[in-house]
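Undergrad: Numbering follows this note's numbering, in which position 137 of the sequence shown is assigned residue number 137; successive positions increment by one, without gaps.
In case anyone wonders, no lab produced these hints; they're calculated from the structure. The structure displayed is predicted, hence computed values, not measured ones. Hints should not be assumed to be uniformly reliable.
Restraint-style ranges between C-beta atoms, simulated for each label pair [as the list claims (entries may be wrong)]:
{"hint": "1", "residue 1": "Y3", "residue 2": "E157", "range": "20 to 26 Å"}
{"hint": "2", "residue 1": "R161", "residue 2": "L94", "range": "33 to 39 Å"}
{"hint": "3", "residue 1": "A84", "residue 2": "G124", "range": "16 to 22 Å"}
{"hint": "4", "residue 1": "R142", "residue 2": "E60", "range": "36 to 42 Å"}
{"hint": "5", "residue 1": "L15", "residue 2": "F179", "range": "14 to 20 Å"}
{"hint": "6", "residue 1": "I143", "residue 2": "D103", "range": "20 to 26 Å"}
{"hint": "7", "residue 1": "L171", "residue 2": "Y136", "range": "57 to 63 Å"}
{"hint": "8", "residue 1": "L15", "residue 2": "A84", "range": "55 to 61 Å"}
{"hint": "9", "residue 1": "S65", "residue 2": "S19", "range": "55 to 61 Å"}
{"hint": "10", "residue 1": "F187", "residue 2": "N22", "range": "29 to 35 Å"}
{"hint": "11", "residue 1": "T165", "residue 2": "G7", "range": "23 to 29 Å"}
Think about it this way: if two alpha-carbon atoms lie no more than 27 Å apart in a straight line, the pair counts; the simulated DSSO-like pairs of lysine-lysine are [as the list claims (entries may be wrong)]:
{"hint": "12", "residue 1": "K186", "residue 2": "K52"}
{"hint": "13", "residue 1": "K186", "residue 2": "K137"}
{"hint": "14", "residue 1": "K52", "residue 2": "K96"}
{"hint": "15", "residue 1": "K52", "residue 2": "K4"}
{"hint": "16", "residue 1": "K153", "residue 2": "K186"}
{"hint": "17", "residue 1": "K137", "residue 2": "K153"}
{"hint": "18", "residue 1": "K4", "residue 2": "K58"}
Ideal Cβ placement from N, Cα and C applies to all residues, glycine included.
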Amino acid sequence: VRYKIAGTLVVLLALTVVSLGNVTFSRQRGILEQEMRHRAQVLVQQLANVGKEGLLTKQELPVFSTIADFQKDGVVVYAVVTDADGKVFVHSVLNKKGELLTDAPALRSLRTDGLFFQETVYEGAPVLDASLPIIYKAGNLRIGTARIGISLKTLGEAIHRQKVTFLRISLAFMAIGLFISFALAKFLTRPLTALAEGIQ
1 VRYKIAGTLV VLLALTVVSL GNVTFSRQRG ILEQEMRHRA QVLVQQLANV GKEGLLTKQE
61 LPVFSTIADF QKDGVVVYAV VTDADGKVFV HSVLNKKGEL LTDAPALRSL RTDGLFFQET
121 VYEGAPVLDA SLPIIYKAGN LRIGTARIGI SLKTLGEAIH RQKVTFLRIS LAFMAIGLFI
181 SFALAKFLTR PLTALAEGIQ
């Protein structure tokens, strides 16, 4: 009886901890993803504004300078401005200038009419790709597309650190819970022990 009571209490504690962990991580992941999307939106809007001037004046240097600034913190893994046909005007990789991008993420970004997010892979690593059409307001003419890729590695690392911390806390609680469960079970079964001795 003592072991059954202790086991039941431990199982209930474990289920509570697991449920709490799932809810916490789901909410935390959602918050982090929302923050990353907001950051990507701000950056791609800045790139689109600079890219519009660059495309209209055929000046590449201001666009490339903006891209270089984006990449300083290491979160932005690539940035590109293409013309209306999908040909690279400025890319974070210099030798891609003039190249016609035909990969699936690039084609999807060319078809979008507004801010568009997609998760893709760049050089073997997961990235959040944000694209925005560059519109020349006189005649509402699309003259190009701005795209940036933000590494999802930082998101994965942040969630992993939280999981490790939560696991350590959970193990500590489980150890304390196990001790309390056996102590409580012993306390609850003490009258049964006295009764058994009395019967004998």
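Undergrad: Evaluate each hint against the coordinates.
TA: We went through each hint and held it up to the structure:
1. Y3 / E157: 20 to 26 Å: violated, 41 Å
2. R161 / L94: 33 to 39 Å: With Cβ atoms ~35 Å apart, the hint holds.
3. A84 / G124: 16 to 22 Å: Given a distance of about 31 Å, which is not inside 16 to 22 Å, the answer is violated.
4. R142 / E60: 36 to 42 Å: Since R142 and E60 have Cβ atoms about 20 Å apart, the given range 36 to 42 Å is violated.
5. L15 / F179: 14 to 20 Å: holds, 19 Å
6. I143 / D103: 20 to 26 Å: With a Cβ separation near 21 Å, I143 and D103 satisfy 20 to 26 Å, so the hint holds.
7. L171 / Y136: 57 to 63 Å: holds, 59 Å
8. L15 / A84: 55 to 61 Å: holds, 57 Å
9. S65 / S19: 55 to 61 Å: violated, 50 Å
10. F187 / N22: 29 to 35 Å: holds, 32 Å
11. T165 / G7: 23 to 29 Å: For T165 and G7 the Cβ distance comes to about 27 Å; the hint holds.
12. K186 / K52: Roughly 75 Å between the alpha carbons, so the hint for K186 and K52 is violated.
13. K186 / K137: violated, 78 Å
14. K52 / K96: holds, 19 Å
15. K52 / K4: violated, 71 Å
16. K153 / K186: Since the Cα atoms of K153 and K186 sit roughly 49 Å apart, the hinted pair is violated (cutoff 27 Å).
17. K137 / K153: violated, 37 Å
18. K4 / K58: Distance of about 78 Å is beyond 27 Å: violated.
Going through the hint list in order, the structure does not satisfy hints 1, 3, 4, 9, 12, 13, 15, 16, 17, 18.
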